[in-house]
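Listed in order, the protein sequences are those of chains A and B.
Our numbering puts the first residue of the first sequence at 1, with every later residue one more than the last.
Our numbering puts the first residue of the second sequence at 1001, with every later residue one more than the last.
No lab work stands behind these hints: they were computed from the structure.
From a predicted model like this one, the values you see are computed outputs, not experimental measurements.
Note that beta-carbon positions come from the ideal geometry of N, C-alpha and C, so glycine has one too.
Some clues are possibly wrong.
Below 25 Å or equal to it, Euclidean Cα-Cα: the simulated DSS-like pairs (lysine-lysine) are [stated by the list, open to error]:
| no. | chain 1 | residue 1 | chain 2 | residue 2 |
| --- | --- | --- | --- | --- |
| 1 | A | K20 | B | K1131 |
| 2 | A | K20 | A | K195 |
| 3 | A | K14 | B | K1114 |
| 4 | B | K1131 | A | K14 |
| 5 | A | K14 | B | K1106 |
| 6 | B | K1114 | B | K1131 |
| 7 | B | K1003 | B | K1052 |
| 8 | B | K1114 | B | K1138 |
| 9 | A | K14 | B | K1057 |
Covered stretches of chain B (chain A as the covering partner; in silico rule of three or more C-beta atoms under 8 Å from a C-beta of chain A) [unchecked claim]:
| no. | stretch |
| --- | --- |
| 10 | 1047-1058 |
| 11 | 1086-1095 |
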Amino acid sequence: MIQTIYVMWLRQLKRYWRSKSRLIGSIGQPLLFLVAFGFGFSPVFEKAGGVDYMQFLVPGIVAMTILFTSMFTGIEVVWDRRFGFLKETLVAPISRTDIMIGRTLGGATISVIQGLVVLLLAFLIGFRPVSWFSILPAVFFMFLLSIFLTGFGTAIASRIDDMQAFPMIMNLLIMPMFFLSGALFPIDGLPSFIKLLVLVNPLSYGVDGLRATLTGVMSFTLPLDLTVLAGLSILVNLVGAWLFSRIEI
Amino acid sequence: MIKVMNLTKNFNGFTAVDDISFNVGEGEIFAFLGPNGAGKSTTIKMLTTLLKPSSGKLMVNGFNPLTQQDDARRSFGIVFQDQSIDEELTAYENMEFHGVLYGVEKETRTERIKQLMEMVGLWSRRDDYVKYYSGGMKRRLEIARGLIHHPRILFLDEPTLGLDPQTRNNIWEHILELNADDGMTIFFTTHYMAEAEEVADRVAIIDHGQIITSGTVEEIRSSTSTSSLEDAFLQLTGRSIREENATSMDRMRLRRGVRR
Ligand SMILES: Nc1ncnc2c1ncn2[C@@H]1O[C@H](COP(=O)(O)OP(=O)(O)OP(=O)(O)O)[C@@H](O)[C@H]1O
Ligand SMILES: [Mg+2]
């Protein structure tokens, strides 16, 4: 069981590592956001008496990197279906839960790597965490968030056989999740109906957990962030395993 | 080894497999023949847990593919009609992946992968990415891969499609050897009648989702008073090219379109 999960994980990583365009392409966007928003809004933010905006923004951009990478990993399932490899895993005598976990861990690992690269670039342009030791719990949060989002994207992908439809559906989900998560602006002073949307958005808890560990600023509490993300991770993976058991080719 | 009873598969009102029944004994080499769109691949997919039957009973190596999926899955190896290898991996990595999924021990795995890749003449190209392989090389790799875990039953859906005669002979030789030595049951489809004539113990011919005849090659030839399986096949299934399938598919799409 561990071995099957391991080979599935390894396969994802090899495919990722060999596709240099994916490697570079997925870092361009967060970098653009970081520079444009970071330098663009910093003066406004400071004038309004807030803290250093760059400090505020970086955890949000790391979460955004993870959001995009994780959700789009699901497309691997659509590719595998399209190019036939999905059949090879489906006829193998392994539990559908293992298939789901293998895929999720593979995608999540890639997301964390991407997130770390963005964090590293943020250090270069002046971002400083509260303490260097806080990186460790931050990586843990990145991993948890990645597992949830990869599982989510993969579960959705198991129902889709159209290569064109997948990115459209993903963008439909990703955009509101990103903008209503507190990644770009503080959620405390928001009108109540928007705040409600932020509260039901799982990404908000990932952003909050990252910001809390990296900068010490938070809107919720760490145990709450942890519980929400862990609970959802288990849920999407169970649902995903069930969906995988129902795939017909 | 394989039992099929009143098996039916409907796709949105179109019946691809229509109430078929047959048995394949242990160690038997069984050829499943029929024109394009007859329902051969659909039957194989149901036997190999990829599709759920609309009705009917199935048994693979004594296991029900619907309820004892993993036991059934452990029993067979399969070479699909269309490609199922990961092109972004090397040939060796594809083989290794398969071996691990089927729980073949490391030592045995390494040994068998080498032996099988030598058999299909790909050992020296093992570290090439599959995307740089020719069509025939990919086919050979798929066949080698299906044998790593020494299955009790081997499903081959048009295994020799696109292979040169040398490779074809070579691969059949190896498969027949496995059949003779380990009693591996072989279930295969092909459009080369000579191939079926040569290797099959028993043949079933399916057309429009229904089995129209089955028996040994000898029996089928004599019942149709023909001298070759190809003549018998043409006599039984007619000479017209199968475009009915296309039209029935179109009709189906049309019907679906109207409903929407
Ligand atoms: N997923 C599907 N949805 C709808 N129709 C399908 C599906 N799969 C197969 N069919 C139809 O079922 C029929 C049988 O297809 P099948 O692939 O089993 O034929 P086959 O005997 O393997 O033919 P070939 O020799 O061309 O491989 C065809 O008419 C095909 O169009
Ligand atoms: Mg077919």
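- Item | Contradicted hints - numbers only | Hint check: 2, 9 fail, others pass.
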